[in-house]
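**Q** All chains, full assembly: derive it from the sequences and hints.
Listed in order, the protein sequences are those of chains A and B.
Sequential numbering from 582 applies to the first sequence in my numbering.
Sequential numbering from 582 applies to the second sequence in my numbering.
Keep in mind that the hints were calculated from the coordinates and are not lab data.
Each hint should be verified, as a subset may be incorrect.
Repeated chains share a single entry, so a pair holds when one copy, or any two copies, can fit it.
[Said to hold, decoys possible] In the DSBU-like style, the derived pairs of lysine-lysine whose C-alpha atoms are separated by at most 35 Å in a straight line are:
| id | residue 1 | residue 2 |
| --- | --- | --- |
| 1 | Lys929 | Lys899 |
| 2 | Lys700 | Lys594 |
| 3 | Lys586 | Lys745 |
| 4 | Lys606 | Lys679 |
| 5 | Lys929 | Lys679 |
| 6 | Lys806 | Lys899 |
| 7 | Lys588 | Lys700 |
| 8 | Lys700 | Lys586 |
| 9 | Lys843 | Lys586 |
| 10 | Lys670 | Lys588 |
| 11 | Lys959 | Lys806 |
| 12 | Lys588 | Lys781 |
| 13 | Lys917 | Lys961 |
| 14 | Lys807 | Lys917 |
2 protein chains.
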Amino acid sequence: MVNQKYKDRLSNKSVIRELAAYARKRGQEIGYENVFDYSLGNPSVETPKEYNDAVIKMYQTMDSMSLHGYSPTLGNTHAREVIAASLSKRFGIPYEAKHIFPTTGAAGAIAHAVRAVTKPGDTVLTFAPFFPEYMPYINDTGAELQVVPANLPTCQVNFPELEKMMTENVTAVLINSPNNPSGALYTEVTLEKLAAFLNKSQEKYGHDIFLISDEPYREIVFDGKKCPYPSKYYDNTLSCYSFSKSLSLPGERIGYIAVNPKATDADILVDIFGQISRGIGHNCPSSTAQLGVAAVIDMTSDLSVYETNMNLLYDTLKDIGFEVERPQGTFYIFPKALEDDAVAFSKKALKYDLIMVPADNFGAPGYVRLAYCIDTEKVKRSLPVLRKFAHEVYGK
Amino acid sequence: MVNQKYKDRLSNKSVIRELAAYARKRGQEIGYENVFDYSLGNPSVETPKEYNDAVIKMYQTMDSMSLHGYSPTLGNTHAREVIAASLSKRFGIPYEAKHIFPTTGAAGAIAHAVRAVTKPGDTVLTFAPFFPEYMPYINDTGAELQVVPANLPTCQVNFPELEKMMTENVTAVLINSPNNPSGALYTEVTLEKLAAFLNKSQEKYGHDIFLISDEPYREIVFDGKKCPYPSKYYDNTLSCYSFSKSLSLPGERIGYIAVNPKATDADILVDIFGQISRGIGHNCPSSTAQLGVAAVIDMTSDLSVYETNMNLLYDTLKDIGFEVERPQGTFYIFPKALEDDAVAFSKKALKYDLIMVPADNFGAPGYVRLAYCIDTEKVKRSLPVLRKFAHEVYGK
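**A** Below, the structure is given as structure tokens:
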């Protein structure tokens, strides 16, 4: 007897993954270079040579126990110290190693953070448009994810709707800035207003409301800007980070949770994450990956290609007549489809070998997501095809 | 509000980890070389040079996306094929890649296996003596672990007690051969009898009962023997493996589940493991580790030191007058303490800087576990200390 809950999900697979699979199959027919595959958020730029060199050196010089032995329950101490020091320097928050918990990417970080600060039956709020995998991440903890409607087109927090949906049952709020799928950044004003509202709500209901901040795109910000750091604005913040995008390491499954030192129970939260790991059998990320990111902590891949691609796509989409906001970060752009039904729109685009993801299950029906973490050369070749599609099908 | 369930656990930490921490602290006072630390199952022999060389070569030659990009949802295809081929050849079971799911060690494997084939409220049976971390692995899925009393001293299956505890509510049975902490191996006769009993019980209750077989010590077997492979005896078997011990890679968190091709729903179980990963945010082991073990799939570290250590300890313990079975595998030995209270015994031993783990929470009160994955030279130096302790405190 296989568990029915998971069996039922087999028929409800990720739209993104299905489109990616279609793109790969189509690629076998016509050559993948001819498929304009904007489906998957898989970083296209290279991991920095310094990361690979650091790992090679570790493998050549370190003793076996130090490199491949068990990490302590709460993660490699050196890696935790290095991460704490880097965050403290960058954001002016006095993190110590005891506030840092290495995780298997941001996914593992969010799943642990939610388990730590909610209990089954609690409500977790997030904001549309949102990454659809939040649904299993949150709901499988026993808490329930509720989605605050989008504030389009800016994708800043929708405060009137948030106020309506805030109840005594809400113990955590999940945000994602820079945002997948919209590319929007929360402004300082948004974060200040959100913090004030959450502080007021904590007082009103007499319990903590944790801000779980999903930040895998923190380093991918355009026009020379910096992304405001949510934990600076609200003490009860758990910052969930991944090196997947900044160092192009998604396969290595490495990230962390940083607990704001002023958060409630800040001194025991990391211990609690360790207890959660015992229950789901995932005790630490790989020791190689922990030591590897520690060795290049303040580096990133050359992320400039994403801004180049964004500008090419944004200018063309605008010129064609799409309703679209200029992304401020990430490697996504989020135009309104040229008809109300984004699924139908996306299907018609497939005939032009343009792969775009309809955003119905991102909480923004009528929109599509383009992930432009692909070669600039291919983006350039896709532009006339986009024009042709919009013209032939929609008379644009 | 931190989740109380996990907070309560902070006061109930692993005895093994606490003793290991004591040993490290004591080591700072008198030099760790003078602490006879038999607490932790952390492999002491080196990872094979071939593994490190294979990883170095991958880092020098592979493109970034192939090495560090996202693994497919169900794991790296090449690694799955290599693992399936190796198992098929060794054990004569026609595994294909679709039956193999890479996991973060055996811990991740067990936690996924239990979630897949049980539902909350179900009973999972295991056999004393058992690895105490089974408690959180199983109980945090919502199923309940019940422990069949030990069949001492052989540690084969206690069939009379198993028959008493088998109910309609049991949907999985968890075994561990070679066994931590006893070093016992299930014989072919035991596995045949267990399979017959489980088949009869499946028929009686009209539902599947899966055998979850925890096999991290499969390769550490003494006297030139081989460990009988449980899946050969019972179709509904999920074999949970870790490379932690065989390749001395515990920090890399790499293992797998192998689904017997004749198991119920064998063709969808791996898909279901993938769905479970979505819910706990742990999508795959590190890509480096998956490719690394695939490159050296049929190798092991030089494991002979464990047999050397075992013989030294066994002969001395016997000679002193301990009641002790000769381990047939693993790197553990499991003598009866020299007084009824193993905790008191273990505390008295600390005065001689002998660190042994009392087995009360392994389901075998009165026994202690010695993990002899340490240098042979240190084992030798510990023998007169063991004799002195037994003589001075217990008149042996």
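**Q** Which of the listed hints are broken here?
**A** Structure breaks no hint.
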